[in-house]
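S.K.: Make a model of the complete structure from these sequences and hints.
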Amino acid sequence: MVHTLPRAGLLTLEPRTSTRLSVVEPVYGTIIKLARGVWRLQGLTFTVNGVEHLPVTGGAVIAINHTSYFDFTFAGLPAYEQGLGRKVRFMAKREVFDSRVTGPIMRSLRHIPVDRNSGAASFAEACQRLKEGELVGVYPEATISRSFEIKEFKSGAARMAIAADVPIVPHIVWGAQRIWTKGHPRKMLRPKVPISVTVGEPIMPTLPAAELTSLLHSRMQHLLEQAQVAYGQHPAGEFWVPRRLGGGAPTLAEADRMDAEEAAEKAARRDERLREEQSTSDERLREEQSTSDERLREQQSGPDESSG
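In my numbering, each number is its position in the sequence shown, counted from 1, plus 66.
Heads up, some of the hints might be wrong.
[To be verified] Below, in silico cross-link-like pairs of lysine to aspartate or glutamate (DMTMM-like), each with a Cα-Cα straight-line distance of 20 Å or less:
| hint | residue 1 | residue 2 |
| --- | --- | --- |
| 1 | 248 | 322 |
| 2 | 220 | 328 |
| 3 | 332 | 207 |
| 4 | 197 | 231 |
| 5 | 248 | 191 |
| 6 | 248 | 161 |
| 7 | 159 | 181 |
| 8 | 332 | 181 |
| 9 | 248 | 304 |
| 10 | 159 | 325 |
| 11 | 220 | 231 |
| 12 | 332 | 343 |
| 13 | 332 | 348 |
| 14 | 248 | 215 |
| 15 | 159 | 191 |
| 16 | 248 | 325 |
| 17 | 220 | 277 |
| 18 | 220 | 181 |
| 19 | 248 | 328 |
| 20 | 258 | 304 |
| 21 | 159 | 328 |
| 22 | 248 | 331 |
| 23 | 253 | 304 |
| 24 | 220 | 191 |
| 25 | 248 | 320 |
| 26 | 248 | 218 |
| 27 | 220 | 207 |
Hints are computed from structural coordinates only; laboratory data are not their basis. Every value quoted in this text rests on a predicted model; they were computed, and no experiment measured them.
M.R.: See below:
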């Protein structure tokens, strides 16, 4: 089933058969209204395919491809269009929650913080939410794909589905990279671009994690190609068009190399920062020790001077 939404202003983002959004979670309803207003001003148009594949009840892992900083906002559209008041709780890096601006919003929307250095707690929370019947959104690629192709997957989505015994529902967002993606300037003011969201059939967790991850990757690659065909023209040389389609985006191999170089640079900066912090700490300790030694000498010399 295809839901074509010709104007962002006409999006039916609040549940058609439930008032839970406004009664139970007023912040969620407010954010949706704000998003509708922004999309209307931006002139965005939307096509949502496969809403019928979303489970009506019960938990599910919503697996999303990652091409843009706005993927999560558009990936929630199928759940909104379902009209049952279901909400997707997205897993996002902890830094977003630590921000004084975005942190309160993320917590109010009950999204799930992820500490990339210690993911056990966030994994456990996500599994608990799934068992409670929530929809949990994840990016199996972990980071934005500069090539706009499907990158290698992490196994987290599969492991969560297995642990909670819930299906994985693949989602493909296409067109969002034209607004804001890694390595390119934002085009927030009236970008007037079409956005498509395609939902695939649920994948039940009947395989080991590695095999389930491989199957999910294959399904999402197929969905991506379908979404690209349905999207229409992909002008040659455009930055947002994959090299496979004649665009100017890097190949998957080139993008992987760029990611590796960026990771190495970040690691080098982190190591330098740690060395500076350690040096500052060592200097402070030396100063404290010097002050302590000086006081001790003064205390020891005091009686001798007074007796003279």
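S.K.: All hints are to be evaluated individually against the structure, with a verdict given for each.
M.R.: Hints, verified against the model:
As the CA atoms of residue 248 and residue 322 are separated by approximately 13 Å, the hinted pair is consistent with the 20 Å bound. With a C-alpha separation of about 19 Å, the suggested pair residue 220 and residue 328 falls inside the 20 Å cut-off, and the hint holds. At roughly 19 Å between alpha-carbon atoms, residue 332 and residue 207 fall within 20 Å of each other, so this suggested pair holds. Proximity of residue 197 to residue 231 is assessed by CA-CA distance (about 8 Å); at most 20 Å being required, the pair is judged to hold.
Proposed proximity of residue 248 and residue 191 is contradicted: the alpha carbons are some 29 Å apart, above 20 Å. Restraint check for residue 248 and residue 161: satisfied, since their Cα atoms lie roughly 17 Å apart, inside the 20 Å limit. Restraint check for residue 159 and residue 181: satisfied, since their Cα atoms lie roughly 6 Å apart, inside the 20 Å limit. As the CA atoms of residue 332 and residue 181 are separated by approximately 17 Å, the hinted pair is consistent with the 20 Å bound.
Of the supplied pair hints, the one linking residue 248 and residue 304 holds, its CA atoms being roughly 15 Å apart against a limit of 20 Å. Between residue 159 and residue 325 the alpha-carbon distance is near 18 Å, which keeps this suggested pair within the 20 Å criterion. Of the pairs offered as hints, the one joining residue 220 and residue 231 holds, with about 18 Å between alpha carbons and a cut-off of 20 Å not exceeded. As the CA atoms of residue 332 and residue 343 are separated by approximately 16 Å, the hinted pair is consistent with the 20 Å bound.
For the given pair, residue 332 sits about 24 Å from residue 348 by alpha-carbon distance, which is inconsistent with the 20 Å threshold. Annotation: proposed proximity of residue 248 to residue 215 holds, straight-line Cα distance about 14 Å (limit 20 Å). Under the criterion of a C-alpha separation no larger than 20 Å, the hint pairing residue 159 with residue 191 is consistent with the structure, at around 14 Å. The straight-line distance between the Cα atoms of residue 248 and residue 325 is roughly 11 Å, inside the 20 Å bound, and the hint therefore holds.
Restraint check for residue 220 and residue 277: the C-alpha separation of about 12 Å stays at or below 20 Å, so the hint holds. Distance check on the hinted pair: residue 220 and residue 181 sit about 15 Å apart at the alpha-carbon level, within 20 Å; holds. For the hint pairing residue 248 with residue 328, the CA-to-CA distance comes to about 12 Å; that is within 20 Å, so the pair holds. Of the supplied pair hints, the one linking residue 258 and residue 304 holds, its CA atoms being roughly 16 Å apart against a limit of 20 Å.
For the given pair, residue 159 sits about 18 Å from residue 328 by alpha-carbon distance, which is consistent with the 20 Å threshold. Taking the CA atoms of residue 248 and residue 331, the gap is about 16 Å. The hint holds against a cut of 20 Å. For the suggested pair residue 253 and residue 304, the alpha carbons sit about 14 Å apart, so the restraint of at most 20 Å is met. For the proposed pair residue 220 and residue 191, the alpha carbon gap of about 18 Å is at most 20 Å, so the pair holds.
Taken as a hint, the residue 248 and residue 320 pair is honoured in the structure, with Cα atoms around 14 Å apart against an allowance of 20 Å. The suggested pairing of residue 248 with residue 218 holds, with an alpha-carbon distance near 17 Å, which does not exceed 20 Å. Of the supplied pair hints, the one linking residue 220 and residue 207 holds, its CA atoms being roughly 6 Å apart against a limit of 20 Å.
Comparing the model with each earlier hint shows violations of hints 5 and 13; every other hint is respected.
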